[in-house]
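Enquirer: Here are the chains, one letter per residue:
There are 2 protein chains.
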Amino acid sequence: MLSEFDLIQEYFQRLHHAAPPPVALGIGDDCALIAPTPGLQTAISSDMLVEGRHFFAGEDPQRLGHKALAVNLSDLAAMGARPVGFTLALALPSADRAWLHGFSSGLFALADAFNIALIGGDTTKGPLNICITVFGELRPGQALRRNAARAGDDIWISGTLGDARLALAGYRLELKEPLDAASQRAAAVRMHTPVPRVELGVLLAEQGIAHAAIDISDGLIGDLGHILKRSQVGATLDVDALPAGAILATQDTALRRAYTAAGGDDYELCFTAPVASRAAILAAAASVATPVTRVGRIEAQAGLRLVDADGAPLDLQLSSFDHFTS
Amino acid sequence: MLSEFDLIQEYFQRLHHAAPPPVALGIGDDCALIAPTPGLQTAISSDMLVEGRHFFAGEDPQRLGHKALAVNLSDLAAMGARPVGFTLALALPSADRAWLHGFSSGLFALADAFNIALIGGDTTKGPLNICITVFGELRPGQALRRNAARAGDDIWISGTLGDARLALAGYRLELKEPLDAASQRAAAVRMHTPVPRVELGVLLAEQGIAHAAIDISDGLIGDLGHILKRSQVGATLDVDALPAGAILATQDTALRRAYTAAGGDDYELCFTAPVASRAAILAAAASVATPVTRVGRIEAQAGLRLVDADGAPLDLQLSSFDHFTS
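Sequences listed follow chains A and B, in order. Numbering-wise, the working numbering comes out as the position in the first sequence, counting from 1, plus 4. Numbering-wise, the working numbering comes out as the position in the second sequence, counting from 1, plus 4.
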C-alpha cells in the first residue's frame, strides 16, 4: 500500500527538477524556503477546490490538476505578479495511483509552462479537497489593486467570456436547446482547462499602464462590483460589447448577455486603465497574443449601469455566484 | 443568510487590526503582499486538517481554531523561522455563526500571541476542512534543516511527550485502566491545544547552537527517523529518558515507553546539537521557559537503537502514524 511518504516522493517530489530561483529549498523539510529577489514584494493567494462544488465527482484528474493551479495563477495575474512557486495540500479518499498520476501530470504541465516549482504542502486522507497557495513577485507600488479604478478609466476584458458557464449549463441540462456534442466539448475546454492570463497581468503591472484589476471567477458583474466598491466609483458596462466565447457567440442574445455578464469560471482579467493607455494596452496584449476588448467606462456616480449596443439601459436581473447562499 | 463575503468580513477581516510588517497588504484583494525584510529568507509551510481524521466530528471550534494554526506554527518553529503571517482556506458544511465565532476566536487568540496576521485565503461550502499556510522569516544559512545532524550530536526534546496520545487512547477506550475524569481532561489539553515551540526554535536557529530539528507530529521515532535518513546517520535513543507528560508519567512503564516514543500529536521539537552547545541550549531554553531534555546521541552507524535506562536494547515494535496506511 502507498504510504503518505511514498506518495509524495513518487508523484510530487521531482528530484531531477531543481526549483528555479528565488526558491531556495523545496519539498522535504519542515518548511520550504524562498530567498526573495531583493527589492521585490511577495504576492500570495490561496484557493480551495472541493469535489461536488468546484468540480464534478469523478472529474478527470489531469484536468483537475491543471485547473487547481490555473485558478490560483489567475489571482497572481490579476495582481500583476510573476509566479515563482506554490504549495499543495491535498485530501484524498484513497491513494489511487491512476488518479495521482493524472493529477500530478496536469499540475506539473501547467507549472512547467510557467517555470514554477511545487515547494511543499501536505497530503491526508479525507473527502477530495485541493488547496493550493501560490507565490509571486512584483515591484512595490506596481500591484494592480482593486481599489485603484478612477472615474474616466476604460474597462477592459481579456479573452472571451461565458463558454465555461455555457458548458456547465449543458452538463446540467439547463439549456432550452441542447448543444451538439462538438459544441459541448469545445465549450467544456474553457470550463475544465482555463488559461491564467499571467503574461498580460505582469505586463500591465510592469508597464504601469492599468489602474485596477481582478480576475473573473464568480461572474463579471460581481467581480467588477468588487472594484467599484473598493474604488468608490461606479461604471457603465456595454453588455453587447462583452466578448462572448466561440460557442456562446452562436447562441441567442439573452443567453449571450447573461453568460458573458454573469457566467463565472472565466478566469479572464477585468481591468481598468486611463484612456491615454489604450495604444500601450493593445500593444502589450498583442505582444503576448491575448485579445483584449474595451467594454465600458468607470464613472464617479456610484452603481453599475448596464446598457445595450445602442446605449439603452438593460435590466438583466443577474446575480453573482456565492458559495454560501447558492 | 450569511454570504461568503459577509462571512469573511464579519469573522476574519479585522479592519482595526493593522497587519504588522512585513505584511504590506492583507485580506481583500486578489493577493496579499509581503515586503520581505531585506536579507531574510521566507519560510513557508502548509497543513490541512480534516474532520474525522485530525479531529473528532463536532470538535469545539475554538480549540480547533487554535490547533489548526498551532500545528502550522510548529513547522516554522522546527525550521527556526520567526512567524509573520498566514492564509486560511476553509471548507464548511454551512455558514454557522456560533461555529465561526468560536473558530475565529481560537485562531486569532493564538495569532495575537505571536503578533501575526491572517493575510488572505478562501472560504467555500464542503466537508469541514481547514488548510493553513504559514509564513516566517529567517537569516540565510540559519534554518534548522533535517539533513544537518552529525555523528556525536546530542538528541534533545522540548517539553514533554505522550499526553496527547494518552488522551486519544482515553477517548477511544483503548486503555486497560481508564483515566479518571480529571486526568483525561488534563491530558486532553495537550491534544486539543498544543503550544508551538516558536521562541525556542527561533533562538536555536539565531544563536546557531543546534544542527537539525523537526517537530514531533507523527510520533518521535518516525519523525527522528526523517532526520536520520536525511542526515545519513543513526542514533541511540534512551527511551526511559524521554520526558513523559504529567498524566502519562503516572501510567505503567510499557504505556509510558510506547506513548513517549511513538505517540504523535506532541508538537514538541526534536533537535540535535553538538556537545559543546549544551550550556547554551539550557540557557536559551530557560530564557523562554521551555524545558529541554537530552535523550540520546547521533551516531555514524545507520539505524535507530532504542535502549532502556540501563543501556540494554529495547524492542518496542512501534510504528509511526501514516495517513494512507492507517
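Rather than coming from a laboratory, the hints here were simulated on the basis of the structure. Quantities reported herein were computed from a predicted structural model and do not represent experimental measurements. Every residue, glycine too, gets a C-beta built ideally from N, C-alpha and C. Careful, some of the hints might be misleading.
Quick list of the computed label-pair ranges, beta carbon to beta carbon [claimed, not checked]:
no. : chain 1 : residue 1 : chain 2 : residue 2 : range
1   : A       : D116      : B       : G315      : 30 to 40 Å
2   : A       : A250      : B       : Q13       : 34 to 44 Å
3   : B       : E181      : A       : T41       : 28 to 38 Å
4   : A       : L286      : B       : P25       : 49 to 59 Å
5   : B       : A22       : A       : A61       : 38 to 48 Å
6   : A       : D256      : B       : P25       : 21 to 31 Å
7   : B       : G212      : A       : G43       : 38 to 48 Å
8   : B       : G212      : A       : S7        : 28 to 38 Å
9   : A       : S109      : B       : A316      : 47 to 57 Å
10  : A       : Q211      : B       : F60       : 30 to 40 Å
11  : A       : Y175      : B       : A258      : 25 to 35 Å
12  : A       : D256      : B       : Q13       : 33 to 43 Å
Under 7 Å between C-beta atoms, here's a sample of chain B residues computed to sit facing chain A [as the list claims (entries may be wrong)]:
no. : residue
13  : A93
14  : T137
15  : E141
16  : G145
17  : R149
18  : V199
19  : E203
Think about it this way: if two alpha-carbon atoms lie no more than 20 Å apart in a straight line, the pair counts; the simulated EDC-like pairs of lysine to aspartate or glutamate are [stated by the list, open to error]:
no. : chain 1 : residue 1 : chain 2 : residue 2
20  : B       : K129      : B       : E8
21  : B       : K129      : A       : D10
22  : B       : K233      : A       : D10
23  : B       : K129      : B       : D184
24  : A       : K233      : B       : E14
25  : B       : K233      : B       : E303
Enquirer: Mind listing which of the numbered hints don't hold for this structure, in increasing order?
Expert: 1, 3, 4, 6, 7, 10, 11, 15, 16, 18, 19, 21 and 23
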